Amino acid sequence: MKRTAPWEKSLVISSDDSSDSDSEDDGLATKMSRKNVGPQSSKDHTSEGALIRRAEMYQEYMGQIPIPAHRGSIIPFTSWQGLAKSVKLLYEQPLHYLTNILLKQWDQSRVGHDDEYRPLDTIIHPSKAEALIWVTEEVHRLTTSHKYLAKLWASDPMYHIYIDPISP
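Here full-length UniProt numbering is used: position 164 in the sequence shown is 164, and no number is missing along the way.
It is worth saying that the hints were derived from the structure and are not from the lab. Please note: incorrect hints may appear among the correct ones.
Using 27 Å as the maximum straight-line C-alpha spacing, the simulated DSS-like pairs for lysine-lysine come out as follows [as the list claims (entries may be wrong)]:
1) LYS151 with LYS128
2) LYS151 with LYS88
3) LYS128 with LYS88
4) LYS151 with LYS85
5) LYS88 with LYS147
6) LYS128 with LYS147
7) LYS104 with LYS128
8) LYS128 with LYS85
9) LYS147 with LYS104
10) LYS104 with LYS151
Label-pair ranges, simulated between beta-carbon atoms [claimed, not checked]:
11) LYS88 with ARG110: 37 to 45 Å
12) THR143 with ASP114: 30 to 38 Å
13) THR143 with PRO68: 17 to 25 Å
14) ILE123 with GLN64: 18 to 26 Å
15) HIS125 with HIS160: 31 to 39 Å
16) GLU92 with THR143: 19 to 27 Å
Model, not experiment: these values are computed from the prediction. All residues carry an ideal CB built from backbone N, CA and C; glycine is no exception.
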């Protein structure tokens, strides 16, 4: 939780981790307050506006892509990102930026586990894993705010590597 103050005087008044939804906000505010950034220049507003417009166009497009209704294939996979790659090829459609980020995190979360090197399709049935990806994808396509996406993209200069090519 932050008190109301100009950017250059932002102060985090709570250090508990219970507020996961504010974690990106706190990191951005902390970075900006460390730099002692004053009011944003018009160039910053323009690029921020362009990023918001890009995120809005992206989100609108992704929301129009139908989630496959018939999924009869059993796809062997060893990692979440590997399954995502196969799903993209099989159904010839991109996955949402947030889905790609989440699958990367799921793969990273396996590091250090006893079954780290065991293929995932021997742990989780391929049909369940694919269904999980599509349900997650539906949530991201239909409920994500373009402003939230723009905020994430602004905080990650390499965000574009998690955006699949879109071909209308």
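Against the structure, the hints:
Annotation: proposed proximity of LYS151 to LYS128 is violated, straight-line Cα distance about 32 Å (limit 27 Å). Distance check on the hinted pair: LYS151 and LYS88 sit about 26 Å apart at the alpha-carbon level, within 27 Å; holds. Of the pairs offered as hints, the one joining LYS128 and LYS88 holds, with about 17 Å between alpha carbons and a cut-off of 27 Å not exceeded. Distance hint between LYS151 and LYS85 is fulfilled; the C-alpha atoms sit about 26 Å from each other, no more than 27 Å.
Between LYS88 and LYS147, the direct Cα distance comes to roughly 26 Å. Compliance with the 27 Å bound is thereby established for this hinted pair. Taken as a hint, the LYS128 and LYS147 pair is broken in the structure, with Cα atoms around 31 Å apart against an allowance of 27 Å. Simply put, LYS104 and LYS128 have alpha-carbon atoms about 18 Å apart, close enough for the 27 Å limit, and the pair holds. Annotation: proposed proximity of LYS128 to LYS85 holds, straight-line Cα distance about 16 Å (limit 27 Å).
Between LYS147 and LYS104, the direct Cα distance comes to roughly 22 Å. Compliance with the 27 Å bound is thereby established for this hinted pair. Between LYS104 and LYS151 the alpha-carbon distance is near 19 Å, which keeps this suggested pair within the 27 Å criterion. LYS88 and ARG110 have their C-beta atoms about 21 Å apart, which leaves the hinted 37 to 45 Å range violated. Here the CB-CB span from THR143 to ASP114 is close to 35 Å, well matched to the stated 30 to 38 Å.
Checked against the hint of 17 to 25 Å, the pair THR143 and PRO68 passes, with Cβ atoms roughly 19 Å apart. For the pair ILE123 and GLN64, the beta carbons lie near 34 Å from each other, so the given range of 18 to 26 Å is not met. At roughly 33 Å, the beta carbons of HIS125 and HIS160 sit within the given window of 31 to 39 Å. Hint check: GLU92 to THR143, Cβ distance near 24 Å, so the stated range 19 to 27 Å holds.
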